[in-house]
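Engineer: Protein sequence lines correspond, in order, to chains A and B. With the working numbering, letter number 463 in the first sequence gets 463, and the count goes up by one each step, no holes. To convert a position in the second sequence, counted from 1, into the working numbering, add 1000.
In case anyone wonders, no lab produced these hints; they're calculated from the structure. Given the structure is predicted, the values throughout are model-derived calculations rather than measurements. Any given hint could turn out to be false.
[Unchecked claim] Derived PhoX-like pairs: lysine-lysine, alpha-carbon spacing no greater than 25 Å straight-line:
hint, chain 1, residue 1, chain 2, residue 2
1, A, Lys106, A, Lys222
2, B, Lys1629, B, Lys1205
3, A, Lys83, A, Lys97
4, B, Lys1212, B, Lys1225
5, B, Lys1460, A, Lys390
6, A, Lys97, B, Lys1397
7, A, Lys390, A, Lys106
8, A, Lys97, A, Lys85
9, B, Lys1225, B, Lys1205
10, B, Lys1456, A, Lys390
11, A, Lys390, A, Lys362
12, A, Lys390, B, Lys1455
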Amino acid sequence: MNAHPLFCRRTRSLSRREFFHGLGAGLGTVALNALFQQETHAAAAENPLAARPMHMPAQARACIFLFIEGGPSHLDTFDPKPKLKEMEGKEFVREGKFVSNMSGGKRYFVPSPFGFAQHGQGGLWMCDQLPHLARMADDLCVYRGLTVDSVNHPEACLHMNTGGRFGGEPAIGSWVTYGLGTENQDLPAFVVLPDAAPQGGPANWSNAYLPAQLQGTPLRSKGSPILDLQPRDNVTPESQRRMLGLLEMLDDGFRQDHPLADQLRARLDAYQLAFRMQTSVPELIDVASEPEHVRKLYGIGEEPTDAFGRKCLLARKFVEAGTRFVQVISSDWDAHDDLAQNHGEMLGKVDRPIAGMLADLKQRGLLDSTLIVWAGEFGRSADNGLRGGKVVAGRDHNPRAMSVWLAGGGVSGGRYVGATDELGAQAVETVHPLRDFHVTLLRLLGLDDNQLTYFHSGRFKQLSQIGGSVISELLG
Amino acid sequence: MMDTEQLKKPQHVQHRLDGIRWTMCLSMLLCCGVLSLAERLVCAEENVVSQRDTTEQNFAREVWPLLSEKCLACHGSDSEKIRGGLDLTTSAGAKRGGESGEAAIVSGKPQLSPLFLSVTRSHAEWSAMPPKDNDALTTAQVETLQRWILDGAVWLEGEALLRLASSAPAAEGKVQVLTSRALDAAWETRTYAESDLWAYRPLQKMVPPDAKTNPIDAFLNARMKSESVPAAKRADARSLVRRATMDLTGLLPAFEEVERFAAESNTDAWPALIDRLLDSPQYGAQMARRWLDVARYADSAGFSNDFDLANAWRYRDYVIRSFNRDTSFDRFVREQIAGDELPDANAETVLATGFLRMGPWEHLGMAVAAETRQQWLDDVVNSVGNTFLGIEMSCFKCHDHKFDPLPTRDYYAMQAVFATTQPADINLAFLPEENTARFEARQAEADALAERFSKKSGQKGRVAGFNRTTIQRRVERWAKAYDPVALSIFNGSTRTMDSTALYSYPPALDARGGELMTVNILRGGSLGAPEDEVQPAALSAVIDLNSWTADRFPDSAGGRRLALADWLVDRRNPLTARVIVNRVWGWHFGQQPLVATPNNFGVMGAKPTHPELLDWLAVWFMDQGWSLKKLHRLIMTSDAYQRALTLPRGVEANRAAKLLASFPARRLTAEELRDALLQASGEINLELGGIPARPQMHWDAAQNPVNVQSGIDLPHRPDRTAAERNKRTVMTRHQRSRRDPLLEVFDQPASECSCELRGESIVVPQVLALMNGDFTHDRAIAMANRLMKSTATMPERITDSFRRVLGREPTADELQRCESFVFEQTRHHESHRATQVDLRRLVELTSAYEPDYAKTYEPDLQAADVNAETRALADLCLTLFNTSEFLHIP
């Protein structure tokens, strides 16, 4: 018996799939398209970034994943628990073999510092720190049945973003682009807009064992958006062309009779593409070229919304231009100590930009085909422990209850799926593990988790790790 | 459709034939000494009986294992998770059917049996089962079910099933393996294709087909001859010296060395060159880099804080020394797993146990201690499996292995080996052979930093824009690097971790409380569901298939790891030697090992392309005292290693590569690339060992904010002196959360887990890093500056640049083209001044927390510091750095 065909990935005999480059970062390639024109159709299908048919009819063709890092509190945003007000300050003790240092010992209940009201036709509850998003309430489907496995930030971040808790697994965006390719070969297929690298680091957008071109491309908010995209300022297009010309000449001779001739040619084609990107990427990410009213919609040019507003606007621009998966990250939601201050500030930063993005996508007719996801790595506890011997109004981590929401992508809004218990400590209705949520996201994008597999380390790997079920309530 | 008559008839006959074949097979196996298997076969031989029995046997042997593997996960094994209401654990359940109300099996009528229709995956009404395409039944398996239903769907249950399943003869070419005990009794009755278990089976004593040549060539040539594939000619001398030097030292040969070797006509020149390279201390550095990939090495612990591991570099340097000393590989294995338990344990062998500590590790306030402990055990067990056995242990942690004869019990038996092992950062005086140069100055620097961020500093909240407490905890660890601490382990109780003050540090040696840990099987991997307690033991399949009897290890607190290590390197263990010779083969032949999956020799791994050669090498390697240097020498003196890259006429590339008819090309690894750039520019510092150097990293990446617990990490601050920054890449700091983009884009692996082979992707960021990046630009300027001073004329400088980068002279055409290139670029630079880069400012940005750092920083030469002609020459150097010729091993 011979080796599994996919093993050739590991050997010298690189398949075409291997050496087709993108900004690996993600960029598909024009040069490649030229190459493909001389190829058979079958060979073209090997480009991991070529747009591909979905496994099944899809509701969405692109996804913007708002990753809210640090553990946003469901109890202070979308899942109010009036009972906590009654329990305010009530003390109890938690002990046991599986109780951690921080969640054990003397505890007391913490009510939400925010007011709540119902919004829209569907009557979704939202805290008073989300006045803009409240107007889009009928577009949101809030899911309260999700549970995760880890109470630590890095493992939980990796779990939410890659399906595995310890790194070394491909990000959702990598899986999605692996399954669907991208509609614009000139742009990154999977873009990440981080504040800072989240806990767990760049492994949060890693391609892991999938081909390198499926890695997320983090766009930096300061300086060059992509490292080294631009040449030195004393380089002119003419002097750059002269260098490329010399490089071509030196390589042409070497490539003849070389067993890796095809790969070496592909490598040189990447230089041409890099050259083109030096103009195409800055054009796309030029926020200033957007009309004033659009920038205003996102809160750009104002505080505290400017930074996150820019990211949300970029997310829209990328999706509009054909990028498949954009992850927008908001960090610092870890409110152990002062919930009102932390969440007050953080919600203020993201409320208007997100609402603006939803409205903008809707207005452009893109919301139906773009799935928006809001999710942190876990929810927060109804109770808190003493911090430095003092009672403070914060919350610890809670993997057993959280709120995530979906919008667009054909998901009908203004409704809840699932519920938590009276104190919001535990999901009790339509409860699903994270892998089911991942399977559902793939399904909304027309992908079947069981078919979206890659042979690695002796088995077929998949986003859900071990397979999962679609949360049917979230569809439609 | 199949002819049912034909299917029915031969069954009885077939089994009789099987009996005869088994007898033959039996005598062969006895020769190999497979006693326990043989005993079972004898029983089986006596069991061949009537037709009815045959169909029952067929059910027990073929059908039931198939149902267990493919159906029961959702249809019976877990009574709480039965899908579609269908329970296939009993005949009654199958007849009752599921929610459809139809019986799953209609005896004698496969076309009316939903179970059969589902597995064909092509029926309009019954959806494809199992749901995952990858789990689909093979054609042969579908036929097995069809035949069974046609034959009346005979069903056995309970004791009768188990009895028959374990005693009936296996089908032709299949074997049963006696393992410890499975979670699921039906799993134990599985049979395996003999060829799938190749790696578990005893090493075969092979005889090279031709006694007159290097045995490697004897095997390879015989194969090429049988496939009528001619060999490529010998590579030219210049290519060979570059290939050998890069392979063994990770460095470019000096041009003079290339010339000298090319001029040698003596046939001893080649082995002499190999010996010289093996004697170079840089050999150890190159091999260490390869080993550290497998050993998941990093200088920091990953996860939330990504704190520095306590002097991980001491393990790195131990690895370098071990390769340089040619420590026998069996000893190397024993030191890394049980260096503290060896009869002759010493400081060096204790440093070796750092291997067990290399995985990511962290314990935070929100974490449950038992889970943190479990994560460490999983990491160690997985790493030992990948590294030494070529077995993916994680595949049978939650359930018995789906493909290999590895029950979950064995996973936990391996874990029990480490259950009394406790991670600890211990005090271990520096050895004379350890590099502690410049410790004093560096310690003063670290202490000053620790002081600046300490509580006593009186600074509240923020220091230089950083959260003081966040940074305090980081720099304290930096300062600790100068204490003689080592990453190690000891035997003892598992202490309760109940203080937040302890978190992120493993408990100290004298920490209180705790008891000796016992290990239970955790069904589904859940700590909340402990089942049978297990004792430390070897992998039962390896024991069974290699005629071992003793598989238990001591259950005292100490000695368990030593027993495991001894078992790993016992000559009866066929895996360890196969795994390492395969790795070394891949290190030499363009990352193309004989088994394409060096970390997975299991059923789902690749099969060896040259099984006889692999076994011959493994046996020879052990006979030679497990000497890696001898193995390198043997491989490199083969004709196969010395062949040209050029394909023999008419032979397609993949075929030539597979048969080694030509030498398989590979690209430089990320580290080799960075080192070669520094060599070409004349800046490399070959000093080995010591605290990791902080290299020049992309200035933007160095400052990228990285979230750590309750704050942002400090930026990466390059070392003050160029000499420190320009150390070989294996000597530089490898921080898990902040990687050097130049290395990352050239496929340097992340180190969460063992990396078996480097990728060779082609992505645009590689172009950007090589063409526009600071690092390559700075090297080009340094190189051009050197050339301008060392030679008088431009043609000489161009010639010299080719020698330094490509190891050859330019052709006349190339020289002419380069001359006009430099001429035109000079004119360009005369009218385009280079902007003065404010390096000091950049250094300040990355060391804002350390006043005065920038003032004493020794900057690299910048474009603006040199004239137009030098900049033009630098453009040529940069172009050479971008050539495929530079980036690939010839």
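Engineer: For each hint, tell me whether it holds in the structure or not.
Structural biologist: Hint-by-hint comparison with the structure:
1. Lys106/A to Lys222/A: violated, 44 Å
2. Lys1629/B to Lys1205/B: With a Cα-Cα distance of about 22 Å, the restraint between lysine 1629/B and lysine 1205/B holds, given a limit of 25 Å.
3. Lys83/A to Lys97/A: violated, 28 Å
4. Lys1212/B to Lys1225/B: Status holds; Cα separation ~16 Å.
5. Lys1460/B to Lys390/A: OK: lysine 1460/B and lysine 390/A at ~19 Å, within 25 Å.
6. Lys97/A to Lys1397/B: The hint holds at about 22 Å.
7. Lys390/A to Lys106/A: holds, 11 Å
8. Lys97/A to Lys85/A: violated, 30 Å
9. Lys1225/B to Lys1205/B: holds, 22 Å
10. Lys1456/B to Lys390/A: holds, 23 Å
11. Lys390/A to Lys362/A: violated, 47 Å
12. Lys390/A to Lys1455/B: It holds: about 20 Å lies between the C-alpha atoms, which stays within 25 Å.
Checked against the numbered hints above, the structure breaks hints 1, 3, 8 and 11 and satisfies the rest.
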